[in-house]
Amino acid sequence: MLKVFWCILTRDITLALRRRTDVLTTLFFFVIVVSLFPLGVGSERELLRLLGPGVVWVAALLASMLALERLFAADYDDGTLEQLLLAGQPLSLLVLAKVVAHWLLTGLPLVVIAPLMAMQYSLEPIAILVMMAALALGTPVLSLLGAIGAALTLGLRGGGILLSLLILPLYIPVLVYGAGAVSVSVVEIADTQPYFSLLGAFLVAALILAPPASAAALRISME
Amino acid sequence: MLEVLDLSCRRGDRLLFSGLGFELPAHTLLHVRGRNGSGKTTLLRALCGLLQPDAGVIRWRGEPVTELGDDFNRELLYFGHLNGIKADLTGLENLRVAATLDQDPVTDAVIIAALAQIGLAGFEDLPTRMLSQGQKKRVALARLILSKAPLWILDEPFTALDTDAVALLEALIAGQVASGGAVVLTTHQEVALTQGEIRRLDLGPAAPQ
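Same order as they appear, the protein sequences are chains A and B.
The working numbering applies: residue 1 is where the first sequence begins, and numbers increase by one.
The working numbering applies: residue 1001 is where the second sequence begins, and numbers increase by one.
It is possible that some hints are incorrect.
Listed below are the simulated SDA-like cross-link pairs for lysine to any residue, each with C-alpha atoms no more than 25 Å apart in a straight line [claimed, not checked]: (1) A:K3 / B:V1110; (2) B:K1148 / B:A1178; (3) B:K1148 / A:G88.
Hints in this document: simulated from the structure, not taken from any laboratory.
With the sequences and hints as input, model every part of the structure.
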């Protein structure tokens, strides 16, 4: 079981490293969107500090959305997805391996680069730490939820737009509590704990529920 | 081994076949024939569970495949129109992944030997996107050499292959049948077996609704 999980995980990471542009576009998209706001609204510190958490989170949402379309599409096109379905392994496990690889390649870089982005909004060091922690808890939820949408819209024409319409509303709770944690930390660091508990709960729920749901959606899409 | 009862499939509004039944014991090859669009691929996909038939039962060793689930998939090797190999991975890496998924891990030496047998010696470390159509197909067919699955379902395996590869593939299929496996196959060419039995199944033109 673990061997199969590891096999798919390393396969997807190897593939992505051989096609680095796909990974980098997501990251650059995030950097550019976040950087555009200070240019647009001016350099007033208080205003930026207020906007920062929300902007970074919305950009992270859109960036992870951008990468989702490719999660199953490449495997679908070359027939490897059929082989995964017929592998005689629990499909949810294979899906989970793919989602973990996807998060390592598109979610983790956002967490790492977030401090740099936060500096443009003159956030306090403590708020930056909270933002990184919140992103580290929240972006896996985005990948997991997104996998359901990616599986459902697989092979559809204009699937990308449909995917956004389907999945973005589901991202709202993560956005609210993720950005909320950062905003609250500016006032009182101790108040962030409930936000993290909720984000953690989302993550656990998504880890348990999303892989079987995506697996079922994949089976429907392959018909 | 494989038993199909009263199977019917439709694509959209079109009924492709209905009331289809056959039995496939060990040492047998089933050659599915029919015109383009007669439902050959649909039948094969239904057999391996990629597609839900509208009616009918498929049994494997007496048990319905819907209940067997992953246990049936482990006994099955499906080779579809798409090769199912990653263009950015080398032949060796592709086959290593396939072997791990089939849960019979093999050493790299075995994979390299299989690739050499299929005529790709020296190509094992090249990303498969650098290979020709026929060579890609050969990489995918190397899975047949490594596979221990008793049931092979092959959809048009002979396309894009040169005469050498066709002969090799025929030998592999014959070997599978001789060793007690079963093969379901669609192709527009004749297949010969030295041992075992060939059964033919003709899918007629789709009945007008």
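Assess, step by step, whether the Cα of A:K3 is no farther than 25 Å from the Cα of B:V1110, and give holds or violated. Distance ~19 Å between A:K3 and B:V1110 Cα, so the pair holds.
Verify the proposed pairing of B:K1148 with B:A1178, using a straight-line Cα cut of 25 Å. This hinted pair holds, its Cα atoms lying about 13 Å apart.
Decide if the proposed pair is consistent with the structure: B:K1148 and A:G88, CA atoms, cutoff 25 Å inclusive. 13 Å, holds
In summary, the structure agrees with every hint in the numbered list given earlier.
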